[in-house]
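Protein chains in written order, with the working numbering: chain A, 1 to 571; chain B, 1 to 684.
Just so you know, these hints were derived from the structure itself, not from any lab.
One should not assume that every hint holds.
Claimed, not checked - Restraint-style ranges between C-beta atoms, simulated for each label pair:
1. 31/B - 571/A: 53 to 61 Å
2. 289/A - 31/B: 39 to 47 Å
3. 447/A - 59/B: 38 to 46 Å
4. 289/A - 669/B: 54 to 62 Å
What the hints assert, rightly or not - Output of the computed footprint for chain A on chain B, the stretches with three or more beta carbons under 8 Å from beta carbons of chain A:
5. 222 to 234
6. 459 to 466
Where a beta carbon is used, it is the ideal one built from N, C-alpha and C, also for glycine.
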Amino acid sequence: MTTNGWLQILLFSASILALAKPIGWYLAAVYEGRVRWLAPIERALYVASGVNAEEDQHWTRYTASMLLFSLVTMLLTYAALRLQHLLPLNPQGFPGVTDRQSFETAASFTTNTNWQSYSGESTMSYFSQMTQLAFHNFVSAAVGMAIAVAVVRGLARRSAGMLGNFWADLVRGTLYVLLPASLVLSLVLVQQGVIQNFASYRELTTLEGAKQILAMGPVASQEVIKQLGTNGGGFFNANSAHPFENPTPWSNFIAMVLLFAIPSGLVWMLGKMIGNARHAWAVWTAMFVLFLSGAGLAYWAEARGNPIHAARGVDVATSAAQPGGNMEGKEVRFGIANSALFATITTDASCGAVNAMHDSFTPLGGLVPLVNIQLGEIVFGGVGAGLYGMLVMVVLSVFIAGLMVGRTPEYLGKKIQAREVQMAMLFTLLSSLVILAMTGVSVVLPAGLAGRNNGGPHGFSEILYAFSSAFANNGSAFAGLTGSTYYYNTMLAVAMLFGRFALTVPVLALAGFMADKKIAPETAGTFPVTGPLFVLLLIGVILIVGALTFFPALALGPVVEHLFMGAGSLF
Amino acid sequence: MATQKRPLFDAPIVRRAIGDAFTKLAPRHMVRNPVMFVVLIGSVLTTLVLARDAMGGRRDIGFTVQIAIWLWFTVLFANFAEAMAEGRGKAQADTLRKSRTETTAKRLADAGDRTQTTTVAAPDLRRGDLVLCLPGDVIPSDGEVVEGVASVDESAITGESAPVVRESGGDRSAVTGGTKVLSDYLVIRISANPGETFLDRMIALVEGASRQKTPNEIALTILLSGLTIIFLLAVVTLQPFAIYAGGPVAIPILIALLVCLIPTTIGGLLSAIGIAGMDRMIQQNVIAMSGRAVEAAGDVNTLLLDKTGTITLGNRQASEFIPVSGVSIDDLADRAQLSSLPDETPEGRSIVVLAKEKFGLRARDANGMEFVPFSATTRMSGVDNGVFRIRKGAGDSVARWVREQGGVIPLDLESIVTRVAQQGGTPLVVAERHTATSARVLGVIYLKDIIKGGMRERFDRLRAMGIRTVMITGDNPLTAASIAQEAGVDDFLAEATPEDKMALIKREQSGGKLVAMAGDGTNDAPALAQADVGVAMNTGTQAAKEAGNMIDLDSNPTKLIEVVEIGKQLLMTRGSLTTFSIANDVAKYFAIIPAIFVATYPPLQALNVMRLHSSQSAILASVIFNALVIIALIPLALRGVKYRPAPAATILRRNLVVYGLGGLVVPFIGIKVIDALLVLAHLV
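With these hints in hand, go ahead and build the complete structure from the sequences.
Structure below.
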């Protein structure tokens, strides 16, 4: 580890801290309807689609609107991918995408997962990338944010189960936040060297005299929303490791900041909307501590490198001439610190963009992304999804520990009772159900075992990672697993759909129930949801609930692999 | 009910509980507790596997036998905990039942004629029947006195041996079945059918027969069931993982892991905690009509307390002598003391004491003086001897007396009387007449409300817990304010009518607050019913008792504070044991996961941080620890966690350290110790 490496982590942390308030303030203004500078367009959209954006929707109606919107857009994308060869902007003449691949991709982009078991540059036409995948990059992020805002409203209000208007939230998030930010920042990325064209692929002769085809395309416009909306679906297969997608340390830094920008701002917005900034900062701090611990562990594990290399006399020390540590699967222009940091951030947030191969990380370095995902991606998390996932953990923490102060647990003055606990537990146990059960089935079925690149615990980790990533709507792959089979396409698509929609229904129900409740005034007897003690409690509950669910699986994957590595064997 | 302090582990209760632990194994009962039901199924499965292995002639079943035994113990220990909690109530119910049986009643055919009675068995009485109770009779059922005044021994219900007066009309007309008439006679209209009497309800309550899960218990059960499902998934999926890694795990070992992980500690003790909470109320002589009420007590935000009898002593005390102009204060003190020497009322005694303490007047011999007691018509009391007569009493009555005796009323008397009244006191005017002279007014004794000792500290404690106290009084706002300030309550409601009280409760509730109050009169009934926690005084009317959700047998309204504390303690105990139970799992994973997989993946030995002896000893030690911790925590579940009033943040910090951190650390030590003992005993 180097001072420079730590400074970069510090710089990143400081940027996120500094951005939380301005972004959060703007988000609150947008969702409270105070930002109106595109009002004519907004109104036109409502009129054109025939929705009443003024209507305050009950949670059931809000949920139904969200599900309906997602279903329709998913089906449209499925059709567009299947019919790709008949549609314009296809200079390479790619054929229609296969059924299994179209289903998985449609599910993947609709759920904000962006798991890609294909190479974008050799499968998708420019039309598919720009009108389908990019479209979902925007709206799936806006849907996530809308759900989070609805949940926050449920906590803040006393409104007989009303959570706001889904259509207004969807349009406002897209129109006032995601679109303008993408427009402006795309230009910054172009300045850094990210390409943006409609050209055919170029064939070049390399210095060694070999022929190489360079994929082209409108990359910059896709890149910002890929990060900002925690989507993660790269234009190119190599994702953010590709020099046309992520050319410089600055573009890399911008990409990382964009990842946490909205999730961190949403936490500030929570404080604003519930009128309790100290609680929001407590939640933010818990997230930050978890982020920094993960980044630190991953950086340490990667900088330490592979002890087997060292034992064989390979020089893995950091020096002016070499980055040292475990450079396998990492880009030289990013080095150890920025690769470890990127891997941590992309899995804290449910992004899944990668600038290094997680599969090539040391076992402990790879454990960090895996654990981040399995904790539910609540460390800042996906846009919206991180906040509502975290709020479920807050509700659980308050319920478990809240009794200890001798009152029926209350969160923000609202009693947590049977129905709320039911929804929070449903949310929590779905992740163990889907991830563990699907992994369990896959590690014994021949169809599941067929996709592995490696055997032993590492092969196990690959499968575990794939289902964790799909369910948590992350979309990054441990790689090594061949995902483009009927078995995995289908299983993973189902996991993604569960991860998004089976989770949001109980969350919105929870918010609806909370909105129904009286708000009791805060007294000295109220369970404190601010301050260091609460931060520690929240972290403890997150880690223990996560650890209890996944400890056996992790022990049989990365942990035992790490121990094997110490004993001198690899997989 | 006569509540003797029983030791926690009373031999007859323990014996009975051991028997009950087995009868409670019935699936019909077990299914009410999802966590322990899973353990039961696990125990049955393990036993079946064991039977199969034994019949298959396997020799190495010693380990499975031990696992099976300890799994059964886990279920039995949980049942034992519940039975122990119920045991105390059952013992009390038995005592109560004795007073109910074998009672006969003298039924009257006609209310007007007390000579015509027919003897009937108490269970044959119906609502509306009239019965006559003579001295020595046990009152056969609950009812309303319609005629007569009598002293009644209520010790069978309240444990209080001093008899109380019951009379027709007013707030003291309710009688309870099972109590005994000591003097005079009563004609009672029966107000409850058999099986619905207070005694019947009390028996059902202390026995826990009609126990329903409370809202918070339901929520907690959902959490625990959810955790159980999560662990079930974690354990079930472990099998394919193990097959992938190289070899399946034996079923009893998976069951052992599952039982160790699911929250058996809190699952096993949950109902015991609830029952014990009700039981602690009963030990305070408070009967809670439902567990829900006990729980609500913990959540109370606002306490409404009646001034008289709750915050202040029921009687007032002399605090000052104020002479009228022309009279020396010593003369006033002297006459006031003289007039009060034979006066045995608390007010009278306080006058004697004040004169002695402030003016050095020793109590003199009252011989030769004739005491004129207070009566409703004269509204004065005093003393007469041959030489003088002294009177003290309400201003207008004494003034009339002075005028009748040819005296004049000093001009400043009225202003003194008014001032005292405004300051929250009761003015007693003192006058005298010597045989030679005409009567004259000497001055006024300031009788003041006396705040009960320690109230201010209790209110401070309540405030620290975030509970606001509101004093309810019929006094004028001025008086109320001065008493409220002296007592240290947060707020007061002066010149309160029952409607005002009701409005206050509704206002607090609409702000999301929970309100507790105590009351006894019929006009308290609507407010008692509206309040979230309504404690009716046992001396109160039937209407009040039916409206409240708790009854204080001691009729001590101050007990509202204890009620709140018991409610809080109940919730705290649940939360603490839940936290402890969940925190325990970390150590169990570190014991069992390496134990299961070390054969497949030898490096996993590194996770065996406790350095347990072998795989078998590690698994067995975890299961044994898991079972024993239930037994070890029974006293805590029954007594409740230590409770000191403090702000929530302080309580949380303390309990998190004790039960959260403790829950993490204790099993590491416990499992290690049990592992060592198992090795010593050659059990593995």
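Outcome of the hint check:
1. Distance hint check: the CB atoms of residue 31/B and residue 571/A are about 46 Å apart, inconsistent with the given range 53 to 61 Å.
2. Between residue 289/A and residue 31/B the CB atoms are about 42 Å apart, so this pair conforms to the stated range of 39 to 47 Å.
3. Between residue 447/A and residue 59/B the Cβ separation comes to about 41 Å, which falls inside the hinted range of 38 to 46 Å.
4. Checking the proposed 54 to 62 Å range against residue 289/A and residue 669/B shows it is violated: the Cβ atoms sit about 28 Å from each other.
5. Proximity of the stretch 222 to 234 of chain B to chain A, defined as three or more residues with a beta carbon under 8 Å from a beta carbon of that chain, is established by the 10 residues found.
6. For the stretch 459 to 466 of chain B, the stated coverage by chain A is satisfied: 4 residues place a CB nearer than 8 Å to a CB of that chain, which reaches the threshold of 3.
Hint compliance for this structure: hints 1 and 4 are broken, all remaining hints hold.
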